[in-house]
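Engineer: Read top to bottom, the protein sequences are chains A and B. The opening position of the first sequence corresponds to residue 332 in this note's numbering, with each subsequent residue numbered one higher. The opening position of the second sequence corresponds to residue 25 in this note's numbering, with each subsequent residue numbered one higher.
Hint data in this document are derived by calculation from the structure and do not stem from the laboratory. Remember, predicted model here, so these are calculated numbers, not experimental data. Ideal Cβ positions, reconstructed from N, Cα and C, are used throughout, including at glycine. One or more of the hints may lead you astray.
Listed next, the stretches of chain A that the computed footprint assigns to chain B, with coverage defined by at least 3 CB atoms under 8 Å from CB atoms of chain B [claimed, not checked]:
1) 367 to 377
2) 426 to 439
Incomplete in silico selection of chain B near chain A, CB under 8 Å [to be verified]:
3) 67
4) 68
5) 129
DSSO-like mimics (lysine-lysine), calculated; alpha carbons at most 30 Å apart, straight line [unchecked claim]:
6) A:344 to B:66
7) B:66 to B:136
8) A:344 to B:136
9) B:136 to A:388
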Amino acid sequence: KAGVTQTPRYLIKTRGQQVTLSCSPISGHRSVSWYQQTPGQGLQFLFEYFSETQRNKGNFPGRFSGRQFSNSRSEMNVSTLELGDSALYLCASLGLAGSGIEQFFGPGTRLTVL
Amino acid sequence: KQEVTQIPAALSVPEGENLVLNCSFTDSAIYNLQWFRQDPGKGLTSLLLIQSSQREQTSGRLNASLDKSSGRSTLYIAASQPGDSATYLCAVAPLDSNYQLIWGAGTKLIIKP
């Protein structure tokens with residue numbers, strides 16, 4: 332089974348631009364979560380989508396948005412980019428593992444805002 | 025509100041030593057606890073997942089324990105090697121979270137040859 336894939340892996344943008352990141356979960360997984368990792372704040376939960384609906388949301392401004400398609404692929408959009416949005420963005424899909432339910436992480440998209 | 029703390033923030037030990045990394049959490053109402061490894065500039069590698077009903081999990085030289093009542097988990101690394109150098113993160117999935125993870129800040133481990 333293929334793992335979680337994220338595209339692109341690296342991205343450089345300038346302040347004020349917008350960006351869209353993509354995540355394809357493991358086949359059969361219907362939940363996709365997004366996390367942001369920065370040196371200052373560590374790993375923080377952005378939001379989760381399940382069956383095309385946002386089910387959970389973290390404490391991020393409205394510039395951060397997402398959506399999920401019928402094939403469970405998810406996109407995350409950040410508008411009006413700020414320098415502080417430079418981070419590693421990780422997505423994870425939720426599914427059954429050997430001993431229970433587990434989040435499986437993709438390799439991440441590293442976003443640099445100049 | 026669930027909070028996860030990892031101590032120490034950094035650790036440097038000679039190769040070959042056995043070592044313990046600590047993780048504590050404030051609310052015992054969790055689905056599971058997971059340990060990850062992260063190499064510089066890279067993504068996350070899942071090491072061990074402990075369900076709330078379990079006390080420990082083992083994989084090779086790694087052993088993770090969970091004491092839910094005291095809100096503690098330890099990651100034991102036996103016979104450390106330079107290749108173990110990385111940041112180790114623990115995360116818990118609170119019961120009211122749909123398995124969303126709350127993260128510790130990590131322990132940066134350096135194994136000196």
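Engineer: Each hint needs a verdict: does it hold in this structure or not?
Structural biologist: Going through the hints against the structure:
Remark: the region 367 to 377 of chain A is confirmed as covered by chain B, as 4 of its residues place a Cβ nearer than 8 Å to a Cβ of that chain, reaching the required three. A stretch counts as covered by a chain when three or more of its residues have a beta carbon under 8 Å from one of that chain; for the region 426 to 439 of chain A and chain B the count is 11, and the coverage holds. Taking 8 Å as the C-beta cut-off, the interface hint given for residue 67 of chain B holds, the closest approach to chain A being about 4 Å. Below 8 Å, beta-carbon pairs count as interface contacts, and residue 68 of chain B has one with chain A at about 5 Å; its hint therefore holds.
Proximity of residue 129 of chain B to chain A holds as hinted, the smallest CB-CB distance being about 5 Å (cut-off 8 Å). Distance check on the hinted pair: residue 344 of chain A and residue 66 of chain B sit about 20 Å apart at the alpha-carbon level, within 30 Å; holds. At roughly 21 Å between alpha-carbon atoms, residue 66 of chain B and residue 136 of chain B fall within 30 Å of each other, so this suggested pair holds. As the CA atoms of residue 344 of chain A and residue 136 of chain B are separated by approximately 38 Å, the hinted pair breaks the 30 Å bound.
At roughly 41 Å between alpha-carbon atoms, residue 136 of chain B and residue 388 of chain A are farther apart than 30 Å, so this suggested pair is violated.
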